[in-house]
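Student: Spelled out from the first residue to the last, the chains are:
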Amino acid sequence: MATMNMLQAINNALDIAMAENDSTCIFGEDVGFFGGVFRATSNLQEKYGKERVFNTPLTEQGIAGFANGLAAQGSIPIAEIQFADYIFPAFDQIVNETAKFRYRSGNEFNVGNLVFRTPYGGGIAGGLYHSQSPEAYFSHTPGLKIAVPRNPYQAKGLLLASIRSKDPVVFFEPKKLYRASTGEVPEEDYEIPLGKAEVVKEGADITLLAWGAQFEAIEKAAEMAEKDGISCELIDLRSIVPWDVETVAKSVTKTGRLLINHEAPLTSGFGGEIAATIQEECFLYLESPIARVCGLDTPFPLAHEKEYMPDHLKTYEAIIRSVNF
Amino acid sequence: MTNPNNVTLTDNHTVEFVSGNALAIPTLRILKEDGTLHKGASLPDLDKETALKMYDTMSFIRVLDERMVAAQRQGRISFYMQCLGEEAAVTGSAGALDFEDMIMGQYREHAAIHYRGFTLDQFMNQMFSNEKDLGKGRQMPIHYGSNELNYMTISSPLGTQIPQATGYAYGQKLKGEGKCTICYFGEGAASEGDFHAGLNMAAVHKAPVIFFCRNNGYAISTPADEQFKGDGIATRGVGYGMKTIRVDGADLLAVYAATKEARRIAVEDHEPVLIEAIAYRLGAHSTSDDPSGYRSKEEEEKFRSNDPVERYRLWLVKQGWLNEEEDAKRIEQLRGDILDAVKKAEVIDKPAIDELITDVYEEPTPHLVKQLEDTKQHIKKYPDAYPVTAGRIS
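Chains as they are written, first to last, in this note's numbering: chain Z, 1 to 325; chain L, 326 to 719.
Simulated from the structure, these hints should not be mistaken for laboratory data. Worth double-checking, as some hints may not be accurate.
[Unchecked claim] What the simulated footprint calls covered on chain Z by chain L, stretch by stretch (three residues with Cβ under 8 Å from a Cβ of chain L suffice, anywhere in the stretch; the number is not a length):
#, segment
1, 71-83
2, 88-100
3, 106-112
4, 139-149
5, 295-307
[Unchecked claim] In the DSBU-like style, the derived pairs of lysine-lysine whose C-alpha atoms are separated by at most 35 Å in a straight line are:
#, chain 1, residue 1, chain 2, residue 2
6, Z, K254, Z, K306
7, L, K568, Z, K50
8, L, K568, Z, K47
9, Z, K250, L, K705
10, L, K364, L, K654
11, Z, K166, L, K705
12, Z, K166, Z, K50
13, L, K695, Z, K166
14, L, K568, L, K378
15, Z, K254, L, K701
16, Z, K196, L, K695
17, Z, K196, L, K701
[Unchecked claim] Stretches of chain L that chain Z covers, calculated by requiring three or more beta carbons in the stretch to come under 8 Å of a beta carbon on chain Z:
#, segment
18, 465-478
19, 488-496
20, 526-540
Beta carbons are placed, not taken as given, at the ideal position from N, Cα and C, and that holds for glycine.
Just chain L, same shape as in the assembly (with noise of 0.2 Å):
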């Protein structure tokens, strides 16, 4: 029975606490280390053409990650984040989407935005801050955001756009259109408030998001030990009265078939749903991040050789989708690619000063004009200080 207190009461005599740890949530997993499938899995209904995209999507991703860490070593770029680890759990579940389903990422899903058909160009312009950056060259690299694609531009402090991702959602179920939204963010990140805000009011509220927890076990240097206690993030979904589902985040077929099954939840039941991608987070946090100083190599190696990317292509081999030749020629290819967009973009002007006071208002208010007026004034009295611009202000 329940009652005004919305719990259901089952009767004990004795004094007896239930433990921390004891929701044991399992974990699923469908392909093996050797792309092999596990015992009793299933394929999920996964077509070629799909397949395969998705492995486009994490080796370009791999690529493009290795190629902008050493630009970023060059002085080229001022900061760079890697998904390095956790390609599948990003791929697999951006991939089970729908088109028109909103993506809110944390930071470190740009597989997400590129499998939406973000092109190299963008992501380019927008690390270098030029001109044709879609945000007008206003946040840190990494930050992409496409209203075109879906896809919500990234903001830095952390975790706030879950309860965003509920708000959202919630907007779409008033509509009536069958989307979702689907909110990323790591283990760190569901110690913020926002997180339980969020998902309390996804649950009360019966918003269709779908919340991905990346577990990747660090919080830039603090082990997820020291973030939080109980078995992993999952847990946090019963206790919000949400369906939820642990997957192993380095398995691509496990995160796909368990996104596919909570997007049919989220839209059709409208009801949130709770995803725990188990994962390790091969890379630093970030560039300005050095993993050394926190854990040990050998800790390192082992997941190295759990490769996510690795592991889909062995099976995409096997399904006989995908040619090593050709595909070992394709990512040199990208490679030349990905260089010749970086020389492309580093020489494209930086956005015009006058987009310094655009979009703060729908319209900039007289104070803004005026600021901007006394801005350039004082640029064209000493050009040599601000070279960016001084040339280009007539």
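Isolated chain Z (complex conformation) (with noise of 0.2 Å):
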């Protein structure tokens, strides 16, 4: 085991996939010798070469595109948008296209092994143009799959797993958490399975589930709320495409109760799939409406970043709302 920050984590996931198939590209602006803005791709173009980890033009549309084409040659592309702000010039290539490459073609042709990485969210004094969170845009495009890490050991886990899928990836990576978070991290070859949520914490009260950067937000609310003597059970998502319906309705219909917290604003946000799902699954069982703590319906702000934020306390607030219902 070592003690890595999210980056060295992820930097080190891109090697183990660099070394173990000739044909794995890395590409996008900027991550040639510089490494990426945030510095995730450090060395590897000093140790696999210019072929084959490369900076590209500006142009999300052709890092998408260039990605599409690899992959269906029968390549290995992981490619980087720079910031998940920056992915909609790549939406058409990756809704219309990365999507439906195997359904359209009867499976003649896939682009099973792709993965797009991309640095998301808020946090960082980042404005409207660098901290938007867009899972729930691709989430509703059949033939992608999500995925989204909390910490360094599930970012190499998860990225391996992303890489190695036979489906293709949009890996978001909280770049709040990039050097914020730091674990230990096997330097072994290990994979997290796609689509599988962690039960992190285990309670009797009411579940509460985030993803990603916010995940923290629920750990401070649970422990502010155990104070008060209530018991979270606490799940983190992992993946938002397939996502656990098992695990989250398995803990809901324990707790009776459910809080959904993310990032992205309200309206249309993945909470509201979430919600609509476990109140199917678990109508009876539920002790209070489900509550959704995300944030606003406003383009992401700048000065006002801390208020945007679905926080902790507006967390524990919706857990003593839900709890007293």
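Mind assembling these two chains? They're in different frames, but the hints should get you there.
Tutor: What follows is the structure in structure tokens.
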């Protein structure tokens, strides 16, 4: 075991993936010699050469299209979109091409071995163009898998599983945690399966659900609530698509309450999907309405970032409301 | 000299702008309309077998188009797009490639997939969305694709295959197997952002890809002069720093010669190439389009007399490689074969309902399995409302 921050864990996963297959390529804006604006790809060009780790021109549409072609050819592309806020020029290539390649061709062709890595989320004073959480846009498109790690251990295991998946994956990295989150990470190869949630802490009164950087908010809120004698069960969803309905439903059946926390705006956020499914699965077990603590329905602000965020205090208040319903 | 701006600096001390039409790109022409060669033109290295195979493809596509437009009018298929006027551009280029090279088309390149061996029945199965369609009945007619034939399945959104071709070709280069990718698109698709993204990345990353623009004069109803300024699409290739050629797209020999050399450049020099083939879309954009609303009969007639298939046929006859009597018989036979194939394909069952959820992911996820099961139960309850699948659910 070694202590790594999230960037080191990601770099380590990429290193393993590059070493195991000569046709694995890493590319994106500034990812070459510079190692990416966050340095997730540091030292990889020196190690694997400019043919396999390279800068692209500033074209997200091009990066995604190129990645689709490379994956269809049988190579393994790991493409970086520098900020998730800039993934929208690539939207058509991802939702109309990546997602539908296998289906539309009747499996004559597929881009299964493709990963888009992209830093998402707030907490870095990034304002409205360096803070977005666009996972819900992609969750609406069949054919894509979506994963979000909350710590270095997960980042490495989920990323390796994503790279080796036979389905294309959009991998959202919480940039707020890139350096802030450190932990023990095995140096050897391991995977965390896609589509499986993690019950991080068991509890009896309410289920709190989050993913990525927001997991910290529900952890802190749970600590506050426990002082009031409320026992919280904490679940990290880890994969948005497919998501682990079974684990969440089992938990809610036990606790009778659910609170979903995410950074993206409330309206049409993935929390709405979870709430709808869980009320269908657990209707007779629910003691209170399913609560959502989310970003506001505004673009992500700069000066009012703290006010916008679905933080632990807003979460704590929602727990109290749910328990006292 | 070059500098960090990646430009060649040549000083000038007066205010002079370079005109947007300053690049005069010539058009390669080899074959005249009467089937003889232009003065000074030399024949590409083309054997009789390949020459006749290309002719067979062009004449097949022409008959297929004529019959399938009629079938669409009769309501037998929902949609069709014909190649009329562009047969030489597509066939001549496809014929110059190796079988192992990847073909990424836009939609009007069915001559290329036929040249590779896509059979009449395979065409029909796709158009009739039956259970033998390689695409499992998921896309509109003409969205062909075959892994075996190295022909990427067509995607409807325009231009999306352009950066994909760059990525595909880059992968081919990495593997070092001496293959390349050809990417077809129309002059209208060259307006999409994907065009810029794909060509720029190909030039920068030296991908062995041949960008083949079918400049056929119209993007549905929008004429080229309302689509772009400047001298055609070819000048942009020069702008991206890649070798570029313009050819007469109705001249199969010119297209063939240009593509042969483009392939050599792509594979041996590891460089992308742009070919602009000047053609005319003699037919409608699709069966949903009516050109009489936006162009004159006179214009169409003028180009009808410049028939790419007829021009090539005359050359073959002059070469002594084609017997006109036998050719006429073959065409007549084809018409009958196509009608028979239509009748055969239209009665084959639709794909099984289970195919509704396969290939979304490598393995159907639990929620997809549940949704399929719910759908089947519903169909069982109301079989009359779902006649295609009701009788086939166990």
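Student: A separate judgement is required for each hint: does it hold in the structure or not?
Tutor: Now for the hints, and whether the structure bears them out:
no., hint, verdict
1, 71-83, "holds (count 6)"
2, 88-100, "holds (count 6)"
3, 106-112, "holds (count 6)"
4, 139-149, "holds (count 3)"
5, 295-307, "violated (count 0)"
6, Z:K254 / Z:K306, "holds, 33 Å"
7, L:K568 / Z:K50, "holds, 24 Å"
8, L:K568 / Z:K47, "holds, 33 Å"
9, Z:K250 / L:K705, "holds, 31 Å"
10, L:K364 / L:K654, "holds, 34 Å"
11, Z:K166 / L:K705, "holds, 34 Å"
12, Z:K166 / Z:K50, "holds, 26 Å"
13, L:K695 / Z:K166, "holds, 22 Å"
14, L:K568 / L:K378, "holds, 29 Å"
15, Z:K254 / L:K701, "holds, 32 Å"
16, Z:K196 / L:K695, "holds, 18 Å"
17, Z:K196 / L:K701, "holds, 28 Å"
18, 465-478, "holds (count 6)"
19, 488-496, "holds (count 9)"
20, 526-540, "holds (count 3)"
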